[in-house]
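Chemist: Sequence:
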Amino acid sequence: MLTALVLIGAALATAVCALLLPLAPVHQDDPVLSWPQAGGRVENTVVPLMPYRPLELTAELPCRTLAAVDGDVLRTLPARPDQEPGRGLVVRANDGRLRISSSSTALVDEARPTTGECAYQVRADASGTSVLRDGRIIAQQAGLLPPQVAMFETAGVGNAAADGLGVTLHTDARFQSSPTAAKAILLVLQGFLLAGCIVLAVLRFGASRVGSRLRLSPIDAVVPAVLLGWTVIGPINEDDGWYLRHALNSANSGFVGNYYHSFNTSEAPFVVSQYLLSGWTSISTSLLWLRLSTTVIGIGVWFLLRWTLANALGDRRVYRAVPWLLGLAFLVWWLPFTPTLRPEPVAALGVAATLALCEYARRREWPGLIAPAVGVAALTTLTTVAGLVAWGAVLVQLPWLWRWARTRAVRDRFAYVGATLASGTTAFIAVFADAKFSDVVEATRVHYHYWISMHWYEEGFRYAKLLGVDHHGNWAKRAAVLLTLAALVLAAFRLRRRRRRLDGAIVRLAVVLVVGLVALTLSPTKWSHHFLAIAPPAIALLGLSAVGVPTPRGARALVPGLVTAALTGATAVVAFAGPNLWYGFSDWGQPFGDHSSEIPTLALTPEQVADLIARSAAMHPTLGPVPLGNPLLWGAVLVACLLLALRGRDGGWAAAGSARLLVVVQATAVALLVAVFTIAPLRTPGWSVAGSVLRNDCGLADWVRLVSGERLMEVARSRPTAVDWEFSLVHPCTPTLAIADGLSTAPEFRILPAGRGALAGVVHAGEFLGAPRAS
1 MLTALVLIGA ALATAVCALL LPLAPVHQDD PVLSWPQAGG RVENTVVPLM
51 PYRPLELTAE LPCRTLAAVD GDVLRTLPAR PDQEPGRGLV VRANDGRLRI
101 SSSSTALVDE ARPTTGECAY QVRADASGTS VLRDGRIIAQ QAGLLPPQVA
151 MFETAGVGNA AADGLGVTLH TDARFQSSPT AAKAILLVLQ GFLLAGCIVL
201 AVLRFGASRV GSRLRLSPID AVVPAVLLGW TVIGPINEDD GWYLRHALNS
251 ANSGFVGNYY HSFNTSEAPF VVSQYLLSGW TSISTSLLWL RLSTTVIGIG
301 VWFLLRWTLA NALGDRRVYR AVPWLLGLAF LVWWLPFTPT LRPEPVAALG
351 VAATLALCEY ARRREWPGLI APAVGVAALT TLTTVAGLVA WGAVLVQLPW
401 LWRWARTRAV RDRFAYVGAT LASGTTAFIA VFADAKFSDV VEATRVHYHY
451 WISMHWYEEG FRYAKLLGVD HHGNWAKRAA VLLTLAALVL AAFRLRRRRR
501 RLDGAIVRLA VVLVVGLVAL TLSPTKWSHH FLAIAPPAIA LLGLSAVGVP
551 TPRGARALVP GLVTAALTGA TAVVAFAGPN LWYGFSDWGQ PFGDHSSEIP
601 TLALTPEQVA DLIARSAAMH PTLGPVPLGN PLLWGAVLVA CLLLALRGRD
651 GGWAAAGSAR LLVVVQATAV ALLVAVFTIA PLRTPGWSVA GSVLRNDCGL
701 ADWVRLVSGE RLMEVARSRP TAVDWEFSLV HPCTPTLAIA DGLSTAPEFR
751 ILPAGRGALA GVVHAGEFLG APRAS
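Going by our numbering, the first residue of the sequence shown is number 1, and it counts up by one from there.
I should point out that these hints are in silico values taken from the structure, not numbers from a laboratory.
Yeah, the Cβ is synthetic: ideal placement off N, Cα and C, and Gly gets one too.
A portion of the hints provided could be inaccurate.
Quick list of simulated restraints, FRET-style, between CB atoms [claimed, not checked]:
#	residue 1	residue 2	range
1	Val296	Pro218	19 to 27 Å
2	Glu56	Trp402	19 to 27 Å
3	Gly143	Leu398	22 to 30 Å
4	Val296	Arg41	31 to 39 Å
5	Asp163	Leu288	52 to 60 Å
6	Ile613	Val639	29 to 37 Å
Using the sequences and the accompanying hints, generate a full structural model.
Modeler: Below, the structure is given as structure tokens:
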């Protein structure tokens, strides 16, 4: 009784601390920039603010300067006749008039001062902008934000009358913050209470049965070995460089921001995977080390899934083929989407951990283990929106937990529910350790305003991309997703009969997978690489769907078997009809079709669309002269699998034949994938991803020479060089130009794809980080 009361009290205290944490104050950095420097004279100066608008700006304009300097006395953005007066501050004195404007709003237009016995001042902050003369407001515009600043330029350079001209501004470093003493105490208290709740719940609500032991198999060596090899030869993802610079710049700014977009706004609340990547990159930035991160995660996901199915199915010999089938399904899913620095692998690890804890708790009837599972699920939610699938693993445990709770005293029920819910406050510590609730709201608002934001009902775009003609819809990604959707149909047939452990496990995994597919609809972007986040239940479901026994006999098995066999055959046709097309450097040397030049996939003209379709059609995998997507080919394989299974009686042969066909399709996909990525670097003259990984060097920059004869890496290390996100991964050792204290580092050079100064229509050039291209 005492333990139950302590748990209730600890749970309530943990919840209170969690709710106070987002409201607790933080120390927010307030960098101040002054121009000119103390004791110096005015010089035209580049001031690359990031974001472009400071939080506050005060400009001092002596009348003697306004009287003596003709032209632009002060401007904060370059003069562009087609955009006058622009979004910056412009103070112009000519033709006997003084004109002051800010952010395209005229503030002052009056006679120009002729003596030096007065002073103007421009003040701007979040409340508005005002102009003062000798301390008296002569113009005011409420709600007019401070002007954008990229430079301080004046026609008064070298003119003694310009002495006294100056600007003081507070840069926008709102996301650079640290906890106050009060918040630090609150963090320690919540951490202590949270750990207490989880430990007490695990001990108080213990196990009543013995669990299953994971029996190792040769496949447990095969899968990690394949993953290690895949680290060398596997594809790269278009966003790898994007997330790499996020992680590297966090050492400069103290938080993970969007380095290439949205003004380096914090990535909160989805920060867990990126902080892990920041720690990983602090050790090394070689291409080998970066790609190993996904390999380590993949090995972790593999053994967690093995543990999950060991507890879901038990130790019966009839399931001795399951590890091999699971290994095949794992490779079908993991290889096409990795290695990658995106958040999805970390999300998959969290989902797999939640699944494993929940199935172990179910196997041993150990309700207390759901508390740490909830804690892991909460952290997984902070990797990416699709991380919500982790809650599906908890959801499917509710029936047996409800039956257990009905046998307990009321105080035990309250204690258990309180401790379990309190375990979910791990998310509050991760997000609000050094931030406030308002910071997260502002970060979310900025991201949704400036980046792609699609609605849940536009989820069809993701599947259109999967079935499209670019690298988002290549045959390997199609195979993983479409085969899993076919397995969901099999799970629907199993729903009516859950008398066996296999049936129950398949149904539970199907429910978790459906939760994941629904969670994907909430993502504001609809790319196919998001599917990896829901891979753990998909892998387990696909593996178990290939188990041909035990199956019921008679007509009840005939229809489901034939339906799933036909659906699997059709899926193989659609999957292998996809192009063997991969992103960027991963496509170099690939067989099937012309891979000699880059295929653009953003902001395409009608002519480029037609060219993409034509080239993609020639990239379909083939088996000699026969396309692998040929319906006759897979029809013959389907018939052969069914004939080989005819030894079964009644309707059981159809289910067995369907399972064999599923194994054949998966084995074909894995074998072909490994083959094309083994061949590709051998067909590539010069630099390749695989060669760079094996040499453990600094990527493409070590191989490119400029017209001066210098290696690109030498220049990048000695001169400020900005690397575009598409090339960032293959230039991992190029120093990251800092964005910190509300300022970006102006580059002298920039490495980017030819003809691309922005994200090809996705991002407006005025919002993109960096200076114009250097020549």
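Chemist: Now tell me, hint by hint, if it's right for this structure.
Modeler: These are the hints, each one checked on the structure:
1. Checked against the hint of 19 to 27 Å, the pair Val296 and Pro218 passes, with Cβ atoms roughly 21 Å apart.
2. For Glu56 and Trp402, the hinted distance range of 19 to 27 Å is not satisfied, since their beta carbons lie about 57 Å from each other.
3. Restraint check, Gly143 to Leu398: a C-beta distance of roughly 50 Å breaks the suggested window 22 to 30 Å.
4. The hint said 31 to 39 Å for the Cβ distance between Val296 and Arg41, and at roughly 56 Å that hint is violated.
5. Against the hinted window of 52 to 60 Å, the Cβ-Cβ separation of Asp163 and Leu288 comes to about 57 Å, which satisfies the hint.
6. Take Ile613 and Val639: their Cβ atoms lie about 33 Å apart, and the range 29 to 37 Å holds.
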